[in-house]
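Going line by line, the protein sequences match chains A and B. Heads up: the first sequence begins at 1 in UniProt numbering, then just goes up one per residue. Heads up: the second sequence begins at 1 in UniProt numbering, then just goes up one per residue.
Derived by calculation from the structure, the hints in this document are not laboratory data. Possibly wrong hints are sitting among the right ones.
[What the hints assert, rightly or not] Straight-line alpha carbon distances no greater than 20 Å define the calculated PhoX-like cross-link-like pairs of lysine-lysine that follow:
{"#": "1", "chain 1": "A", "residue 1": "K279", "chain 2": "A", "residue 2": "K104"}
{"#": "2", "chain 1": "A", "residue 1": "K114", "chain 2": "A", "residue 2": "K104"}
{"#": "3", "chain 1": "A", "residue 1": "K531", "chain 2": "B", "residue 2": "K355"}
{"#": "4", "chain 1": "A", "residue 1": "K87", "chain 2": "A", "residue 2": "K24"}
{"#": "5", "chain 1": "A", "residue 1": "K38", "chain 2": "B", "residue 2": "K265"}
{"#": "6", "chain 1": "A", "residue 1": "K432", "chain 2": "A", "residue 2": "K350"}
{"#": "7", "chain 1": "B", "residue 1": "K428", "chain 2": "B", "residue 2": "K200"}
{"#": "8", "chain 1": "A", "residue 1": "K288", "chain 2": "A", "residue 2": "K159"}
{"#": "9", "chain 1": "B", "residue 1": "K355", "chain 2": "B", "residue 2": "K265"}
{"#": "10", "chain 1": "A", "residue 1": "K82", "chain 2": "A", "residue 2": "K28"}
{"#": "11", "chain 1": "A", "residue 1": "K38", "chain 2": "A", "residue 2": "K28"}
{"#": "12", "chain 1": "A", "residue 1": "K159", "chain 2": "A", "residue 2": "K275"}
{"#": "13", "chain 1": "A", "residue 1": "K531", "chain 2": "B", "residue 2": "K272"}
{"#": "14", "chain 1": "A", "residue 1": "K159", "chain 2": "A", "residue 2": "K279"}
{"#": "15", "chain 1": "A", "residue 1": "K28", "chain 2": "B", "residue 2": "K361"}
{"#": "16", "chain 1": "A", "residue 1": "K275", "chain 2": "A", "residue 2": "K114"}
{"#": "17", "chain 1": "A", "residue 1": "K24", "chain 2": "B", "residue 2": "K355"}
{"#": "18", "chain 1": "B", "residue 1": "K355", "chain 2": "A", "residue 2": "K38"}
{"#": "19", "chain 1": "A", "residue 1": "K114", "chain 2": "A", "residue 2": "K279"}
{"#": "20", "chain 1": "A", "residue 1": "K114", "chain 2": "A", "residue 2": "K288"}
{"#": "21", "chain 1": "B", "residue 1": "K361", "chain 2": "A", "residue 2": "K38"}
{"#": "22", "chain 1": "B", "residue 1": "K355", "chain 2": "A", "residue 2": "K28"}
{"#": "23", "chain 1": "A", "residue 1": "K244", "chain 2": "A", "residue 2": "K279"}
{"#": "24", "chain 1": "B", "residue 1": "K200", "chain 2": "A", "residue 2": "K38"}
{"#": "25", "chain 1": "A", "residue 1": "K288", "chain 2": "A", "residue 2": "K104"}
{"#": "26", "chain 1": "A", "residue 1": "K104", "chain 2": "A", "residue 2": "K82"}
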Amino acid sequence: MTDAISPLGAVGRPVSIHTDDAAKARLKGRYRTETWFKWLGAAAVALAGLFLVLLLSTIVTQAIPALRQNYLTLPIDLSAAKVDPAKLGEVNYDAIAQEALTAKFPDVTSRQDKRLLRGLISTGTGVFLRKDIAADPGMLGGTVDYAVPLDDFADLYLKGLLADVGSDEAISTSVTPSETSGDIDLTFGDDAMLALARGHGATEGENGMLTLTSGASSLLVAFNGGTVKLTALSPAANGTVIAKGTVIEALDSTAPAASGQAFLRVIETPEASRKISDKVIVWLDTLKSAGLIESRFNSIFFFTGASREPELAGVWGAVVGSFLTMIVTLAIAFPIGVSAAIYLEEFAPKNRLTTMIEVNINNLAAVPSIVFGLLGLAVFLNFFGMPRSAPVVGGMVLALMTLPIIIIASRASLRAVPPSIREAALGIGASKVQTVFHHVLPLAMPGIMTGTILGMAHALGETAPLLMIGMVAFIVDIPGGFTDPATILPVQIFMWADFPEAGFQQKTSAAILILLLFLVIMNAIAVILRKRFERRW
Amino acid sequence: MVGYLVVLLLGLAAAAYWIGRTRAIASVNGDVARLHSLPGQHGMFLALFAAGPALLAIVLWSLVTPSIESSIIADRFSSELSGMGVPQVEAFIRDARAMAFGGLVGFADPTKEAAAALYKSVHATSSWIIWTVALVLSASGFYWAYSRIAQAYRARHVVERILRAFLIACSVVAILTTIGIVLSLIFESLRFFQQVPFYKFLFGTHWSPQSAFTGAGAEARAVNEDIFGMVPLFAGTLLITFIAMLVAAPIGLMAAIYLSDYASKSVRAVAKPVLEILAGIPTVVYGFFAALTVAPYFRGIGESLGLNVASESALAAGVVMGIMIIPFVSSLSDDVINAVPQSLRDGSAGLGATKSETIRKVVLPAALPGIVSAMLLAVSRAIGETMIVVMAAGLAANLTANPLEAVTTVTVQIVTLLVGDQEFDSAKTLAAFALGLVLFCITLSLNIVALRVVQKYREQYD
Chain A
1 MTDAISPLGA VGRPVSIHTD DAAKARLKGR YRTETWFKWL GAAAVALAGL
51 FLVLLLSTIV TQAIPALRQN YLTLPIDLSA AKVDPAKLGE VNYDAIAQEA
101 LTAKFPDVTS RQDKRLLRGL ISTGTGVFLR KDIAADPGML GGTVDYAVPL
151 DDFADLYLKG LLADVGSDEA ISTSVTPSET SGDIDLTFGD DAMLALARGH
201 GATEGENGML TLTSGASSLL VAFNGGTVKL TALSPAANGT VIAKGTVIEA
251 LDSTAPAASG QAFLRVIETP EASRKISDKV IVWLDTLKSA GLIESRFNSI
301 FFFTGASREP ELAGVWGAVV GSFLTMIVTL AIAFPIGVSA AIYLEEFAPK
351 NRLTTMIEVN INNLAAVPSI VFGLLGLAVF LNFFGMPRSA PVVGGMVLAL
401 MTLPIIIIAS RASLRAVPPS IREAALGIGA SKVQTVFHHV LPLAMPGIMT
451 GTILGMAHAL GETAPLLMIG MVAFIVDIPG GFTDPATILP VQIFMWADFP
501 EAGFQQKTSA AILILLLFLV IMNAIAVILR KRFERRW
Chain B
1 MVGYLVVLLL GLAAAAYWIG RTRAIASVNG DVARLHSLPG QHGMFLALFA
51 AGPALLAIVL WSLVTPSIES SIIADRFSSE LSGMGVPQVE AFIRDARAMA
101 FGGLVGFADP TKEAAAALYK SVHATSSWII WTVALVLSAS GFYWAYSRIA
151 QAYRARHVVE RILRAFLIAC SVVAILTTIG IVLSLIFESL RFFQQVPFYK
201 FLFGTHWSPQ SAFTGAGAEA RAVNEDIFGM VPLFAGTLLI TFIAMLVAAP
251 IGLMAAIYLS DYASKSVRAV AKPVLEILAG IPTVVYGFFA ALTVAPYFRG
301 IGESLGLNVA SESALAAGVV MGIMIIPFVS SLSDDVINAV PQSLRDGSAG
351 LGATKSETIR KVVLPAALPG IVSAMLLAVS RAIGETMIVV MAAGLAANLT
401 ANPLEAVTTV TVQIVTLLVG DQEFDSAKTL AAFALGLVLF CITLSLNIVA
451 LRVVQKYREQ YD
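Only chain A is shown next, with the shape it has when bound in the complex:
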């Protein structure tokens, strides 16, 4: 830009303070500041966007695994010897399912291992089985293939969330076992295994001996129809390696496996820092390779109530509780809010009472939500003796909280209706009330609805005041009415986020996703209402 001016200076005008070199430098500096400032602003907006993307992507990636649940199909013996059709209520269905599972692994004998094995399937199996038998008595009398939900650890492992597992790699040397079960020795044809073990955190001992402790990765060797876990390796004569190992699944024979016949699987996460043992991993992989495990849409999560067991926990109870609470909130806040807005905007004289009401409403909009919870606790619960944890009380508290939002939005919407409408109605003889209710209110309705929906969306995501009135209680049943104990979606999220079980982390994210989905739907309705029906005067 300065170039355009400088020739003029050359033609004869004296070089002024606006065109000399210092001025050029100054101008350059000013433009640089300008660019900086602009980019700073853009960076601020981008940062806000980045935070949003980060937040949503974290939650979505965590939530996706919770949408599916792994089921194990077991041949369950429901013959009359096991299940007496006359006494269906007294049968221990859990034991029957566990029996079917242990039958799959005949070489698991110790008490400890059996308990571990039984823990593979969910503790809710018996309940599901009983319910399904009650629904379909035709299952009785024989052995049926029945899919039972897996326990949360097994489920998380199969989803790849508990341990890093490498793929099976063929061992390019021969492997000779000494026994078929128990603690055995394995002889490897070359010393490649030593380097491998070192690379996976084995501890060096005397004479080049390497120990694989629970702090190192697990090395599993699968051959001859069984699996051996390596515990220690030491170099032997002729460049071979002798390894000590524990058999997890019994081998068929002690015949040496030729090169390429044995497979090595590395579980990268050390056993000490994961919540699933090598045994369980091997069992699950066996079941999986037998095609008995199938991943299904997680209907338990969507259609049941809360539970302490991650694999049995569902959001339906919380969704119903939220719905009931929102009905109460809407039923109270909408009529009162709109009426108050109508009065303040259309009828109220300018006096001290109305000024006070207006100041009050603006202040209420800024009161922290938890204070409304304290109000609910002191007034509704302790003074009026209403039930704790009930949607009706939650709805009332949220209604008081939403009221200012609805009033402010409704007033803005009523104010937007031009005075000519009112004057025309009054001019043809309508009373003030008729003017407002027959003409002004219908025209303001889209705006009022938009404001109400946004207020309700705000109320739906609110948590703190409901903690105060006891909606944080652990409630398994799905609430059936407005006075039943219930919990609501945000509080359920809060509670699950606090549970230590790993499985709840995904459940929490999935519940957040459901909550956000509801919010998106409500906001979309508000936007559509505004776009389609709102008139600009």
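Take the given structure of chain A and dock chain B to it, following the hints.
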């Protein structure tokens, strides 16, 4: 029982509307023009008088009866309940009520069954009373209003007056809410200050109400006054708020400036919804994000730098709270910046200032009162925010200014003290109300100051 009564009354109201209409038309032999009020208004008049008083009576009844019934039960069984504390008595009455209405109870014993039987009979009596009262009110209201309907009767005026009274009543709900908040906080706080002197509460530096009682058992009720000092909570709240504002104020303000003065239409079409979504995400989601993603991340960074970062550090909670407040700051600042008249910008540009110079030297000074007020509102919001700090900040009250340590806040303590089954009249739970009162006063005064700043220093253009 009473549900049917309400339905019946609503049916009666519909019938009364129709009857009133018909009677009004009949009173002028179908010549509607001779009526003072429209037939529908006569109908409404009759319906209001037939159902209104009865419905009001039912509302009153349903508010009052539960406590009356409970007190009758507690009174009759006073000898059995004498040894119990407040929560046990409440649980007893709750169980009795549940048994009376066919619910499931954990442990039933003969006393509870007797109480349930009594409850049932008391409730039956009170239902009987409300049925009678409602029907009498309804019939007399109907009779009175019916006899009034005539050609010259000004039904419209009556109906409109009632309607206006209803509208006023609805507006007064806002005042009642404020009064309810203030009274409940003050009364409970006064009870607390009877046990703990308020200067010890306000200026004490030690907070550990979980060890509130010196002895054990029901009779050891001596409250240790020295463990209710709220200074550490207040300091923690301020620390987290400060961190939040360090994040939110620059980002929010710059975003507002960029969106109002620089951004093209298409950028604005994307950025505005982004900020709105950020504002619409429930705080519990931010809390989850802070506790499970941000806090471990900061901890990891701290470890790699050789710093010891607490897993519930003030930093994580503060930063996430700052993210939550960004849209709040930016939308308020946006309004304020947009309110600066275009002529000021044009004048500045005419003098040769660049856009950023215009903004920094003209627009921002002109908008300063509004921006200060927006920041104060944001601070008030951060102080009152609960879920993020409950999930991501600590529980132990450390008096520290180190953002890497765990601190606790006023709202966290309110939640910890009140969640779960507690006796309602212990110093511990009452302390929560005293904290609530402090919180309410702080946020209220911040809001008032914010309002005053705008009123006092706003430049009046044009």
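Hint-by-hint comparison with the structure:
1. K279/A with K104/A: Judged against 20 Å, a Cα distance of about 14 Å means the pair holds.
2. K114/A with K104/A: 12 Å, holds
3. K531/A with K355/B: 34 Å, violated
4. K87/A with K24/A: 98 Å, violated
5. K38/A with K265/B: Roughly 16 Å between the alpha carbons, so the hint for K38/A and K265/B holds.
6. K432/A with K350/A: 17 Å, holds
7. K428/B with K200/B: At roughly 15 Å apart (the allowed maximum being 20 Å), K200/B and K428/B satisfy the hint.
8. K288/A with K159/A: 12 Å, holds
9. K355/B with K265/B: 17 Å, holds
10. K82/A with K28/A: 91 Å, violated
11. K38/A with K28/A: At roughly 15 Å apart (the allowed maximum being 20 Å), K28/A and K38/A satisfy the hint.
12. K159/A with K275/A: 14 Å, holds
13. K531/A with K272/B: Given pair K531/A, K272/B holds - Cα atoms ~16 Å apart, limit 20 Å.
14. K159/A with K279/A: 17 Å, holds
15. K28/A with K361/B: Measuring from Cα to Cα gives roughly 19 Å; hence the hint holds.
16. K275/A with K114/A: Holds, at about 17 Å.
17. K24/A with K355/B: 18 Å, holds
18. K355/B with K38/A: 9 Å, holds
19. K114/A with K279/A: The hint holds at about 11 Å.
20. K114/A with K288/A: 19 Å, holds
21. K361/B with K38/A: Since the Cα atoms of K361/B and K38/A sit roughly 15 Å apart, the hinted pair holds (cutoff 20 Å).
22. K355/B with K28/A: 14 Å, holds
23. K244/A with K279/A: 17 Å, holds
24. K200/B with K38/A: It is violated: about 51 Å lies between the C-alpha atoms, which goes past 20 Å.
25. K288/A with K104/A: 12 Å, holds
26. K104/A with K82/A: 18 Å, holds
When the structure is compared with the earlier hints, violations turn up for hints 3, 4, 10, 24 and for no others.
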